[in-house]
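Asker: Assemble the whole structure, with the sequences as input and the hints as a guide.
Those sequence lines, one after another, are chains A and B. Counting from 1, one number per residue, gives the positions in the first sequence under UniProt numbering. Counting from 1, one number per residue, gives the positions in the second sequence under UniProt numbering.
No wet-lab data here; the hints were simulated from the structure. Every residue gets a Cβ at the ideal spot worked out from N, C-alpha and C, and that includes glycine. Every clue listed holds true.
Among chain A residues calculated to face chain B with C-beta under 10 Å, some are: (1) R53; (2) R66; (3) E142; (4) V151; (5) L155.
Below, a list of computed lysine to aspartate or glutamate pairs in the EDC-like style, where the Cα atoms sit at most 16 Å apart: (6) B:K111 x A:E142; (7) A:K150 x B:E289; (8) A:K150 x B:E256; (9) B:K192 x B:D206; (10) B:K82 x B:D59; (11) B:K223 x B:E247; (12) B:K64 x B:D77; (13) B:K199 x A:E45.
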Amino acid sequence: MESGDEEATEKHRVHLRPATLRDAAPVALHLLPCEVLANRPAPVERFFVPAIRQRPAGLEVSFRGRILRGEEVVVPPGLAGYVMVMDEKAEVLIGLERKQELKGSEDDEEEQQEGPEPLERDFDRFIRATASFARFHLWGLETIPGPDAKVRGALTWPTLAAAVGLPQMWPLPLDLSNPTAGDSCCRFTHRCLQTETQSLRLKATDACTPINQPCTLELLIPSPQ
Amino acid sequence: MDLSELERDNTDRCRLSSPVPAVCRKEPCVLGVDEAGRGPVLGPMVYAICYCPLSRLADLEALKVADSKTLSESERDRLFVKMEEDKDFVGWALDVLSPNLISTSMLGRVKYNLNSLSHDTAAGLVQYALDQGVKVTQVFVDTVGLPEKYQERLQQCFPGIEVTVKAKADALYPVVSAASICAKVARDQAVKNWQFVEKLQDVDADYGSGYPNDPKTKAWLRKHVEPVFGFPQFVRFSWRTAQSILEKEAEGVTWEDSSAEDQEGLGKITSYFLSEGPRPRLPHRYFQERGLESATTL
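Answerer: Set out below in structure tokens:
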């Protein structure tokens with residue numbers, strides 16, 4: 001799973017379809033303390049959500065016979081959460097054709113921003129928002145993740161980056177570290193899109209996403225104008 | 001038997017009991033402990049205690065209670081009704097352990113095996129009777145695991161009570177037989193009226209005996225596998241039968257406490273003498289601590 005990811009790392013330039021951010025409907029998300037080695041829709045609303053219990057110590061549920069304890073995490077002010085999917089190659093081609101046909105449409109702003117650089121079919125990719133979120137459920141194995149949870153730390157990074165004037169430098173020259181067991185659900189990536197928005201990516205397994213939702217959560221940070 | 005409390009929430013444990021007969025607070029009582037549904041891969045395990053004054057033991061025997069396994073379902077139901085009619089001197093209490101509680105206990109970071117869970121549940125019920133004011137002087141228990149160790153453990157918990165742990169106690173002592181009937185009636189009813197936590201479409205009600213070696217039970221398990229979530233919570237995930245079906249028919253899951261050996265296998269000893277090649281440069285600790293990495297693709 002990861003090797004494909006890394007291979008692609010070198011090759012793609014990612015563009016956001018900004019119009020999709022406006023239409024993204026709010027969705028409930030669950031970040032699990034495990035990795036499901038599959039990437040496909042899951043019946044979260046039928047199997048997982050009805051099993052959540054409010055106990056004296058907090059929220060409780062079980063997954064595959066193991067107890068999870070959780071809490072709600074609110075996306076910090078100034079950030080917005082989106083569930084993102086990347087378009088297939090074929091759709092990139094359609095995008096290319098559309099761009100040539102439709103001048104002055106919503107895609108126009110992207111083109112202006114990119115300047116003279118033309119799109120390439122094997123290099124450029126488009127991502128779009130399929131849902132949005134302002135909060136999500138964070139689950140820990142047997143214990144509530146609490147204030148030390150990695151994802152909470154990750155959510156503070158964009159604010160720090162902005163405060164020290166880093167957004168222009170994104171992406172930082174960081175190597176992709178090897179995923180370590182168990183850590184995988186708490187690996188987040190930050191990235192620079194070739195648009196006016198910065199984003200922070202939460203990598204989640206499919207079980208964390210609602211039915212028929214793809215598996216990447218994305219926090220988009222509107223850049224300071 | 002009124003199990004509505006269990007039906008409201010069957011994800012945890014649920015204690016049910018009869019009112020304490022007044023005579024049991026005054027006279028020395030004998031108390032029996034037994035369980036039903038220990039082996040099945042489906043549904044709850046039910047622990048039961050039944051007690052009566054020593055002076056009325058003959059009356060309990062007169063009901064012709066016997067080991068619940070030798071009785072038909074209708075005979076058990078009839079005997080339970082008779083015990084309810086004798087509520088002026090017979091009391092009982094149950095602890096229903098949901099399959100979810102069993103799974104999460106056995107699959108916890110710190111493993112809590114079924115024997116320990118059983119022993120603690122039994123001790124909990126005896127304590128419950130004492131807390132309610134029942135004058136317990138003798139306890140008879142059908143054994144789980146080695147009777148000597150179990151007896152020692154219970155005797156330590158209740159130094160003032162004469163504890164007897166024996167194999168087949170449910171056939172030897174009428175008060176244990178009565179407890180086994182309470183447990184079995186509750187277990188059967190709980191399974192029959194199981195309220196699935198999940199919103200399932202057309203659940204097959206024909207799951208056989210629930211024992212792992214029953215072909216009908218196995219077929220039911222295979223039919224109700226959900227590739228991501230595994231099974232409904234009606235299933236004990238910690239049973240080998242359930243786990244081997246999941247290994248074959250559901251998606252793999254990696255937990256943060258899955259040991260590295262399980263995932264990668266042991267390294268060869270020679271690997272310590274070989275150069276590892278260039279180490280990947282790790283990101284700054286700030287980013288490692290937050291699980292952040294750079295990416296240029298989704």
